[in-house]
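Guided by the hints, dock chains G and X onto chain C, whose structure is given.
Residue numbers (our numbering), protein chains in the order written: chain C, 29 to 360; chain G, 5 to 372; chain X, 20 to 585.
Careful: at least some of the hints might be erroneous.
[Claimed, not checked] Derived CB-CB ranges, DEER-like:
id : chain 1 : residue 1 : chain 2 : residue 2 : range
1  : G       : R248      : X       : I567      : 37 to 43 angstroms
2  : X       : G320      : G       : S69       : 27 to 33 angstroms
3  : G       : H231      : X       : R569      : 55 to 61 angstroms
Think of the hints as simulated: they come from the structure by calculation, not from any bench.
All C-beta atoms, glycine included, are put in the ideal place defined by N, C-alpha and C.
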Amino acid sequence: MARALLFAACVLLPIPAWAADTINVYTAWPESLSQPIFKAYSAKTGVPINFIRLSTGELVARATAEKNNPRADVIWGAPGDGFAAAKAAGIIEPYKAAGWAKIAPELKDPEGYYTAVSKNTLLFMSNAKLLKEKGLKPPTSWSDLLDPAYKGQIQTADARTSGTALTRILSIYYAFGKDEEKAFDYQKKLHANVQVYTKSGGGCTIPAAMGQAMVCIAHMPDAMEAKKKGYDMLTTFPREGVAAVIEGVALVKGAKNREAATKFIDWTFTKDMQDLLDKNEVYMLPTLPEGSVNAAVQALMKEAKLLPVDLEWVGKNRKRLVDRWINEVIKD
Amino acid sequence: MSATGARLRLVSVSKRFVRAEQGVAAVDDVSLTVEPGELLTLLGPSGCGKTTTLRMVAGFEPPDSGRILIDEQDVTGLMVYRRNIGFVFQNYALFPHLTVFENVAYGLRVKGLGAAVIREKVERVLALVGLPGYARRFSNQLSGGEQQRVAVARAVVVEPRLLLFDEPLSNLDAKLRVQMREELSRLQRQLAITTIYVTHDQEEAMAISDRIAVMQAGRVAQVGTAHDLYRAPRSVFVAQFIGRVNLLPARVLRADAGGAVVALWGREVTVPADEPVAAGQSVSLVLRPESVALLPERAGVPAQEFAIAGVVRGRTFLGEKVEYAVEVGGTLLQAVSYDPLRHGLFDVGAPVQIACAPASLRLLRGQG
Amino acid sequence: MSPAPAPAGSPRAALRDPVLAPVVVLLWAAVALFVLYPVTRLLALTFWDDGPTLAAVVELVGSWQHRRALWNSLALAGLVGAAGTALGFAFALLAVRANLPRWVGTVLDTIVLLPLISPPFTAAIALIFALGPRGLISYHVFGIAGLNIYGLGGTLLSETLTYFPIAYLTLKGVLANIDPTLEDGGFSLGARRWRVFRTITVPLAVPGIANSFLLLTAASLADFATPLILGGTRFPVLPTQAFLQITGLYDMRGGAALSFLLLVPALAVFVAQRWWTERRSVVTVTGKAGAATRVRSLSPGAVAALVLVCALTVLLVLTFYLLIVFASMVRALGADNSFSTAHYAHVFSGGLKAIRDTLVIAAVCMPVGGLFAVVLGYVVARTRFPGRRALEFAAMINYALPGTIVGIAYLVAFNDPPLALTGTAFILVICYVFRYSLAGTRATTALLAQIDPSIEEASASLGARRDVTFRRIVLPLIRPALLAGMTVLFIRAMTAISATIFLVSLSWSLVTVRILEGITNLELGQASAFSVMVILLVYAAVILSSLIMRRLNAGSLGQAGTLLGG
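Bound conformation, chain C alone:
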């Protein structure tokens, strides 16, 4: 019996990523979006990809905790602000993929720490039936949402766990012309109408779809996903504008499978991969100019007024903004 136990212990003892050529990935994208892409790479190259899905906050926290002994090789698919934080925490290293030069400057870190794989933005997703019942038009402005008719009818992401929430805070900040006081004043008023803050960015899409709330403020892919599932949803943008979001990719500092990881990042910035954004109905725009564009998505994005975001500034002020949100906005 003792021998069996000893054997079991040895088998399970800390063994670093054992398969010789595997790539370990942390991603914030929902599995349904990320897995097909990773599978495509593995099918093409024969290199398996081991990934785990975490929310942006968890992702950065875990990678930071593992700084001295990183488990992941690549952070693939997370909002830009997360990468700003990661850069500040010193857990990623610069790597410029082969197609790096073709990416527009606002879509990457100038030093090459991270590069956008896709473009994204925020929108209002509304339940058509509920709106009709209440005789309301779908909201087209941030101030529309302050209407008492929406009391307890809005769901959106919790800033403590979701990157989408930060996009929302930033959108409001930029929409109010970078006036932080006005922005937070607005958010306090908005809070009165919020039913619940969801843990993940897309967490409000299904409840809104099922009629538990009228409006869900979420990232574009989540909203389109719900529509694809067959829910009767309307999508609108606030005319004051929404923040332009990038979903990025970066190499982890001290990655154990650096070789394989860099090859994977290289592939990310090829037409093959970027085409998948359209083919797989990821509902985000590619960053490589030659990537094929989903017509519906492009038409949608045309409606939006995209506000540019200063990622360096965000990286420095992220914690402060979130703390303000916790201490002032959600206080009842």
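Chains G and X in isolation, oriented as in the chain C frame:
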């Protein structure tokens, strides 16, 4: 503490159980009357139905058929808490979370009596059962005998019309049992409450009861005073249950004035008979061990006595008495002699004569 | 309860025993490394920053969110304790005192099992489906729109329904053990049913009621997943805050400090509960076996009321589970109710790794943890080794603490070399072993109390060394305890989340974490499918274990109640 004892009547009460663990315990057409102030004992072996009968009187079990009348009031369908009875349980059932005082006061509180009245009554009854000053204690601080007394106090303080005891002494050791039964008897007489007492201990039953109802397999075998039951058992079962007995098979030869002539060990003897018997009938003769005298082999025997030769096969010296097993005509007879230090002992294997008065041979129909 | 037979030998002899001493040293080493060290590191992180400091705690208490979280945790725990105990009491009364036909009791037992064998937040998901703003019950059946189940109300309801079975199982045992002649005594003294209930039954059940209350309070304090789903920002609680502090705000120190805030009430409740159960019980055990039918101690009106309450609860619980099964089989609940096997297809393809990983971990836990529990129980109950009581208490600490605290402590302690264990299966197994072995240890000591120590003395007198005696004599006799311990470990390994959510990694994933992810990503169909799988697997394990126990004549040890209530 005055109590008007009620008259209890059971009329053809029956109950059937289908519990697997106990077998089919039943009460089968039991009719009894208990007079006011009387202590009647239900006596019998386990499973005879005595406890079930008691519980039906209390109201814990409804009878399947028959009626129960207390002072001619039909209580058969009445709930327990309306019958105004006092029940003393075998395990005392003292409330462990209440003090002795609160235990005894429980029934009085239910009646809604005032605090002063309750205090006075409780203290009086505790003194009555010999536990003054025990009011503040808890049941787990009391000995078995003390717990028993508290249980009795609790039952009598509410001045019930009936007092019911369910084998209250069976958890006590022998000496304590004797002492307690004397106290219970004294208490009952003093309070004059009609009482039904259940036990399997025949000595206990005989010591305290006014009358005893012997039960067997759900039926009442015989009712009577201890003296009646001992002297004139009407069935082999009763004869064997009350006291020890020698059952001698005999054959009736002919009836006679005041008795019957039977053949016993080949000899003729005239014995008293309560019921008419026919010649040729097989009967049993009941002979109590203390009625058997042992005499030396060649001693003279008084003329009217029945004597026969035997051999001592066993002897147990018990201090105040000695018990012998004597072989007579192929049967082993039990005999008891008192004051053996004065009368001497017979050795095992010694040839003796056993003698008894013919009147000691009671005739019973049927075999043993 | 009669005292256990005293262990033989002297402490000094125990020390010199060539087999016993190394085993105890090994046990101590394991407990020190995997229980005491992580907690110490956690406290160090909270209270040490180049010198002792209260800064972290002070900063916490300064934040309104965290103050509110502390208050909410305590208030919620108290309410869940009260509500769950009351509901469990109603069920227990119905099962034990209402003289209903046997099948009622069986139905109750089976239904009540469901919350105990499912992941702890199953009720929360179902609640959203059923009673949310457009819930299938609240809106589609009763036409109540805009019902807000987020916050205290929803969390209270969900946790009460999840934990009341523990109260039911505890109180059922207590009520069944009350000597029926005590109630008969009350009746014979003229008291009516309600009075007997009030003045006799309830006071005698108080120890059980208090025990239930404390158990449920502890469970609610530690519950991390339900408030995560239903609490929202308006109802923060400590374990969820600690989790968010670390995973959302990357603040290890803050998370550690929050854990400490939670640790104090949790430990207090745990100690209170242990002290309470160790007190001499007021209840006397009945003497006469198989007492005949007594007076019905519940009036028909009372029985009707109880039946109503219990039937409603049972209906609600069943609806929840049916909703989950239903959700796992339709494409998208609420929008597209067409039948679909897609979710199960995913469970068996993409989700297979999680299932396989979880089963492997559970399978390894069972013998390791089972043996550990049994050896520990033996050392504590049967030897006079000095310091064994301390060892027993130390081994219990990880059980007493809320899972979140243990998870964070492990994260802090085992992240960096030389003991970089996070991300391995080893740490997951260790976590479960030291958290859930208590049931096995308790079962062992209970069984050993019934076995006369002279049996082992006989073995020793025939020349057997201590380990030989243990292997050939003791172990076969305590097989039921070993099996009970292993079953509990399996069940917990399949359903636990609060500690292990911090410990999953690229290499090893757990089904419960996948379920939570599914919920947060609103892949509700998938989450439901995984949940159904877990419930089926655990149910199968419980049945199998009960059958084997029955073969081993293990008595009450094998009943689901004992296995799951602990």
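Hints, one by one, checked against the model:
At roughly 54 angstroms, the beta carbons of R248/G and I567/X sit outside the given window of 37 to 43 angstroms. In this structure the supplied range 27 to 33 angstroms holds for G320/X paired with S69/G, their Cβ-Cβ distance being about 29 angstroms. For the pair H231/G and R569/X, the beta carbons lie near 57 angstroms from each other, so the given range of 55 to 61 angstroms is met.
In the structure shown, a violation is registered for the earlier hint numbered 1 alone.
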